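Residues per chain, in single letters:
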Amino acid sequence: MLKKAQIILAFLISTLLVGCANLGVQPWERDLLAKEEMALDSEGIDLGLDDHIYFSKEATSGGRGFAGGGCGCN
Amino acid sequence: MQLISKNSLTNNMRKTANVNAALAVATCALLGTSAVVEADEGVWEMDAALLYYGETARVTAVEGVFSAKKDFGDEHVFSTKITADSLTGASASGAVAQPNAQTYTRPSGKGQYVVAAGEVPLDDTFHDTRVQLEAQWTQPLWNDMRGSTGVHLSKEYDYLSIAVNGSLAKDFNQKNTTVSAGLSLAYDTIDPEGGRPVAFSEMVIDEGQFANQDAYQAAFDATRQTDTDDKTTVELMFGVTQIINRRMLMQFNYGLSMSDGYHTDPFKVLSVVNDQGLTQSLVHEDRPTERTRHNFYWQTKYALDSGVADISYRYATDDWDINSHTIDSRFRFNLSDNTYIQPHFRYYQQSAAEFYQPFLIEGTTLPTFASADYRLGEMTAYTIGLKYGMTMPSGNEWAFRVEYYQQDPKNAGFDAPGALQQLDLYPSVKAVIAQVSYSF
Numbered sequence: 001m002l003k004k005a006q007i008i009l010a011f012l013i014s015t016l017l018v019g020c021a022n023l024g025v026q027p028w029e030r031d032l033l034a035k036e037e038m039a040l041d042s043e044g045i046d047l048g049l050d051d052h053i054y055f056s057k058e059a060t061s062g063g064r065g066f067a068g069g070g071c072g073c074n
Numbered sequence: 001m002q003l004i005s006k007n008s009l010t011n012n013m014r015k016t017a018n019v020n021a022a023l024a025v026a027t028c029a030l031l032g033t034s035a036v037v038e039a040d041e042g043v044w045e046m047d048a049a050l051l052y053y054g055e056t057a058r059v060t061a062v063e064g065v066f067s068a069k070k071d072f073g074d075e076h077v078f079s080t081k082i083t084a085d086s087l088t089g090a091s092a093s094g095a096v097a098q099p100n101a102q103t104y105t106r107p108s109g110k111g112q113y114v115v116a117a118g119e120v121p122l123d124d125t126f127h128d129t130r131v132q133l134e135a136q137w138t139q140p141l142w143n144d145m146r147g148s149t150g151v152h153l154s155k156e157y158d159y160l161s162i163a164v165n166g167s168l169a170k171d172f173n174q175k176n177t178t179v180s181a182g183l184s185l186a187y188d189t190i191d192p193e194g195g196r197p198v199a200f201s202e203m204v205i206d207e208g209q210f211a212n213q214d215a216y217q218a219a220f221d222a223t224r225q226t227d228t229d230d231k232t233t234v235e236l237m238f239g240v241t242q243i244i245n246r247r248m249l250m251q252f253n254y255g256l257s258m259s260d261g262y263h264t265d266p267f268k269v270l271s272v273v274n275d276q277g278l279t280q281s282l283v284h285e286d287r288p289t290e291r292t293r294h295n296f297y298w299q300t301k302y303a304l305d306s307g308v309a310d311i312s313y314r315y316a317t318d319d320w321d322i323n324s325h326t327i328d329s330r331f332r333f334n335l336s337d338n339t340y341i342q343p344h345f346r347y348y349q350q351s352a353a354e355f356y357q358p359f360l361i362e363g364t365t366l367p368t369f370a371s372a373d374y375r376l377g378e379m380t381a382y383t384i385g386l387k388y389g390m391t392m393p394s395g396n397e398w399a400f401r402v403e404y405y406q407q408d409p410k411n412a413g414f415d416a417p418g419a420l421q422q423l424d425l426y427p428s429v430k431a432v433i434a435q436v437s438y439s440f
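Residue numbers (UniProt numbering), protein chains in the order written: chain A, 1 to 74; chain B, 1 to 440.
No wet-lab data here; the hints were simulated from the structure.
Since the structure is predicted, the reported quantities are computational estimates derived from the model, not experimental observations.
Treat each hint with caution, since some may be false.
[Stated by the list, open to error] Each pair of labels, with its calculated beta carbon distance range: (1) B:Thr228 - A:Pro27: 49 to 57 Å; (2) A:Asp31 - B:Val179: 36 to 44 Å; (3) A:Asp31 - B:Ala84: 34 to 42 Å; (4) A:Pro27 - B:Gly413: 50 to 58 Å.
We put the CB at the ideal spot given by N, CA and C, even for glycine.
Please work from the sequences and hints to get the whole structure.
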């Protein structure tokens with residue numbers, strides 16, 4: 001029974017590894033990803049302002065970057 | 001306030017033509033450690049924005065931001081940002097509404113204000129001006145690594161925060177995978193107007209019981225500590241950015257934050273009510289001096305033929321027992337080559353801190369820590385918004401954003417005695433956000 005589980009586990013892991021190896025694109029396939037709006041923080045100013053609002057109005061902060069120290073607005 | 005939004009200083013590819021280099025930027029956003037375009041040298045990229053935030057009958061904020069970034073060649077990038085904001089209006093003091101009018105002493109001890117019967121007690125003296133400066137330097141290091149380091153300074157009338165940060169990032173798998181790690185150290189000092197209240201000291205209210213002004217002042221001073229206090233925060237972040245396929249990329253972050261020092265809000269109080277629900281006194285809150293937080297963040301971006309879908313989820317938990325879930329989504333639709341609209345939806349939910357209490361009951365044992373600040377209570381909040389952007393023939397961009405934000409505090413299982421049952425102890429907070437941005 002244990003051996004069967006090990007085989008299944010090994011199969012699953014190898015499947016995942018194969019899956020990981022398939023992730024990503026070749027350099028010539030990056031046209032869409034290279035668009036400005038596809039940058040993870042393409043709207044940096046908006047995100048910074050939003051973080052400020054939610055930091056001062058809610059109990060959780062951070063996630064994308066460092067939450068930093070505190071403030072008197074809190 | 002201050003968040004160290006270093007990511008906002010990076011990855012502007014507006015003037016980028018090199019596709020491969022641009023993609024490296026797109027995939028290396030984490031922790032501000034960005035790859036940049038070698039050929040794109042010597043051009044300052046600037047962004048400016050003005051934000052208005054206005055709550056119904058409460059706080060109003062106006063905030064201006066200016067950021068600039070320059071590539072000095074060979075992936076040596078400097079970025080800087082200055083933020084200035086002004087806050088005015090009224091904020092919830094933590095006291096509960098009552099069936100009769102209530103008189104409160106202002107936090108400075110100078111003067112009083114009256115809250116009408118049935119109204120949520122708001123301290124209308126809330127006023128602050130803040131200036132924040134940030135600077136970040138990023139460059140290649142040994143062994144195909146990139147390093148980034150920065151400083152952060154935020155100054156308010158009664159609050160100062162200084163922070164430094166450093167991070168490393170490395171690409172793998174033909175730049176389809178980026179792994180990064182970062183460290184931030186922050187030091188805050190606070191010196192509130194009127195001094196820091198002694199924990200659980202009773203608010204001194206002049207109702208004619210004092211022989212003279214000096215007697216009142218002596219009673220007030222007995223509730224205050226006059227020295228400053230401070231807080232240190234250490235944060236660690238680890239992240240992986242992964243390109244999934246030609247249209248999709250993902251980012252996973254784990255963040256650990258440990259803070260030690262003064263966490264109490266010197267302007268917040270708790271009502272002590274009797275079994276009829278009537279306020280007998282007001283005491284100043286007290287919070288633990290340590291807090292450890294964990295953040296798990298996932299973001300994915302998906303390129304449509306004419307737009308982008310951007311969805312993120314954050315789970316956060318801490319040793320104050322506050323757990324939160326945040327879903328944030330933006331969907332950009334390109335109307336033409338030069339214009340787009342972008343709906344925005346955000347949902348947030350948090351549980352209450354273990355020491356949160358909407359009020360204290362007279363005659364019961366005083367807790368070790370307590371706060372009636374609704375921001376530490378159980379709450380849901382949502383944001384809906386719309387942004388419109390247009391690129392001018394010059395390549396500069398204008399953008400306009402309007403959003404609505406509503407917080408709905410909940411009762412986390414507290415039974416309200418007597419008169420409190422007829423009053424709104426968990427009022428919603430409604431706000432409008434408007435923003436104009438210009439990139440050049």
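Here is how each hint holds up against the structure:
1. B:Thr228 - A:Pro27: 49 to 57 Å: Taking Cβ atoms as reference, threonine 228 of chain B and proline 27 of chain A lie about 55 Å apart, which means the hint holds.
2. A:Asp31 - B:Val179: 36 to 44 Å: With a Cβ separation near 25 Å, aspartate 31 of chain A and valine 179 of chain B fall outside 36 to 44 Å, so the hint is violated.
3. A:Asp31 - B:Ala84: 34 to 42 Å: Holds: the Cβ-Cβ distance is about 39 Å, inside 34 to 42 Å.
4. A:Pro27 - B:Gly413: 50 to 58 Å: Given range 50 to 58 Å: holds, Cβ gap about 57 Å.
Hint violations for this structure: number 2 only, all remaining hints satisfied.
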